[in-house]
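Visitor: Read off the chains here:
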Amino acid sequence: MSKISKDQVKHVADLARLAISEEEAEKYSEQLSAIIDFSEQLNELDTTNVEPTTHVLDMKNVMRADEPKDWISKEDALKNAPDQKDGQFRVPSILD
Amino acid sequence: MSVLDLSIKQLQEKLNNQDVTVTELVQAVYDRIRETDDEIQAFVTLNEEKALNEAKALDEADSDDQLLPLFGMPIGIKDNIVTKGIRTTCSSQILSNLDDPLYDATVVQKLSDAKAINIGKLNMDEFAMGSSTENSSMQATRNPWNTDYVPGGSSGGSAAAVAAGQVPFALGSDTGGSVRQPASYCGVVGMKPTYGRVSRFGLVAFASSLDQIGPLTRTVEDNARILEVIAGQDKMDSTSANVEVPNYSDALTGDVNGLKIAVPKEYFSDGVDENVKARVREALNVLEQQGATWEEVSLPHSEYAVATYYMIASSEASANLARFDGVRYGQRAENAEDMMDMFKKSRSEGFGEEVKRRIMLGTFALSSGYYDAYYKKAQQVRTLIKQDFDQIFENYDVVIGPTAPTTAFKVGDQIDDPLTMYANDIMTIPVNLAGVPGISVPCGFHPENDMPVGLQIIGKHFDEATVYKVAHAYEQATDHHKQQPQLGGAKS
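Protein sequence lines correspond, in order, to chains G and E. Sequential numbering from 1 applies to the first sequence in UniProt numbering. Sequential numbering from 1 applies to the second sequence in UniProt numbering.
With the rest of the complex left out, here is chain G:
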């Protein structure tokens, strides 16, 4: 019995902006369920009052002055774009 259903897989794929076929949904349902099952072992550990680690070094916010400086030009920024027009990235229509 899969823990992550095909419907859940499709929902996650939508959030991740991935198009998946019925077959892939089936496969991910099995594989992700197996990985999630494997990770259930973490629940053997009591982590009450354990602080989560997001960063291993004891580091504070790093601040600097917000000053303009030379970086990539608009022309350069556009040169690897799949599509561009009038100095901007062009994408398919967002609204009908």
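Quick caveat, the hints were computed from the structure, so don't treat them as lab data. All C-beta atoms, glycine included, are put in the ideal place defined by N, C-alpha and C. Any given hint could turn out to be false.
Said to hold, decoys possible - Covered by chain G, according to a simulated footprint, are these stretches of chain E (three or more residues, beta-carbon under 8 Å):
id: 1; region: 237-248
id: 2; region: 321-333
id: 3; region: 376-390
We have chain G already, so just place chain E on it with the hints.
Guide: Leaving out everything else, chain E in the frame of chain G:
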């Protein structure tokens, strides 16, 4: 003996004495690559024209440049490290047309400032996700010791190129073992520095709280010399640490008398090959004869490291890889109906199977209703794993064990089963989760398949110097690092 067998120090002596020119050295590198890379498939992009021009310029340069630490040294770069004007693909279809990146990673700039020469870009598991380099969408790199075997991964191209004598030095990246495990499988030296030691600016992010760039070399001394150049705080990476970078080569004294070594019993569990354990015990004897002492210890949360890692790394990856959307660079799918359709088609066509699986896992772990149960839980267990190391390092100088549970496996053996594949990383992952430095050095061969075995030496935060000292003392007492695979005809 070929010039490609020499250390940085020896090469620089030869350049100084004008026994060889930079151009001859760089030419020798490309000759060797042409001779061997049909078989090894380590390089995805060669930088030959520019490299030879740079070599010529160095040969004509004033003598002051010769004092720079990596003057004329040929180096290969893993293909997830951005190189201005040189194709950077992460071995992924989605970036396969990124021919003209706009800037250099900080490490690339630093190598260039030290007058090293970028030979080309090295194959990897796509976006550094994998342990065999079979997940590359470009080609499958082979292990130079036996081409039926994988080179490990994800920095498999870097490790194989150094082992095959194509380049003396390469850069890799290590998120869960991706420098150390291929170094182990290919019989070379691979260092993952402390998190924050080396700038990640221009390293295409996989898991930002774990990723570090590190050198792969044939000797510990060369490794230390390269880290000296690439380490240090960088204003372009706010997670790079404001900690002074020592002269690592000064630490290579050969003196380990009185050094205290911790040997975790969890790194000698049933899942670890008996012959790998035997090689590591022999190495401990060598260090003992040099005056070090060792004791068995416990890192009790080691068994939870793999599950912790896959939750955290996949979650961070799902966020980091959101940027590949077919808008600003990379591949865009044809015939999209609207923008959402374009995102989905571009990503589905552009990413390979393992990458999509991890994006899916990470997106699930971060999604509403599951975040606390999976992602936050894994971050809490990460704290426990880090505390294991903190406690051990109160009483010991280094932790030593195997780098990987086995030697290299055969091409095609593990790729179908994600969980088996993930288990390769059981002794390298805790090091990334704790953020401490770790190195893999060759410690002999497996008697059944004749493949190399790696010894892992782990140190305290920002104490790469001690890690190098121990690795060097061990290396100098053995001749494992002098062994070279035979392939592509004899080197002359």
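Visitor: Taking the hints in turn, state whether each one holds.
Guide: To see whether the hints hold, each was checked on the structure:
1. Only residues whose beta carbon comes within less than 8 Å of a beta carbon in chain G count, and the region 237-248 of chain E has 3; three or more means the coverage holds.
2. With 9 residues bearing a CB less than 8 Å from a CB of chain G, the region 321-333 of chain E meets the requirement of three and the coverage assertion stands.
3. For the region 376-390 of chain E, the proposed coverage by chain G is satisfied: 10 residues have a C-beta within less than 8 Å of a C-beta in that chain, meeting the threshold of three.
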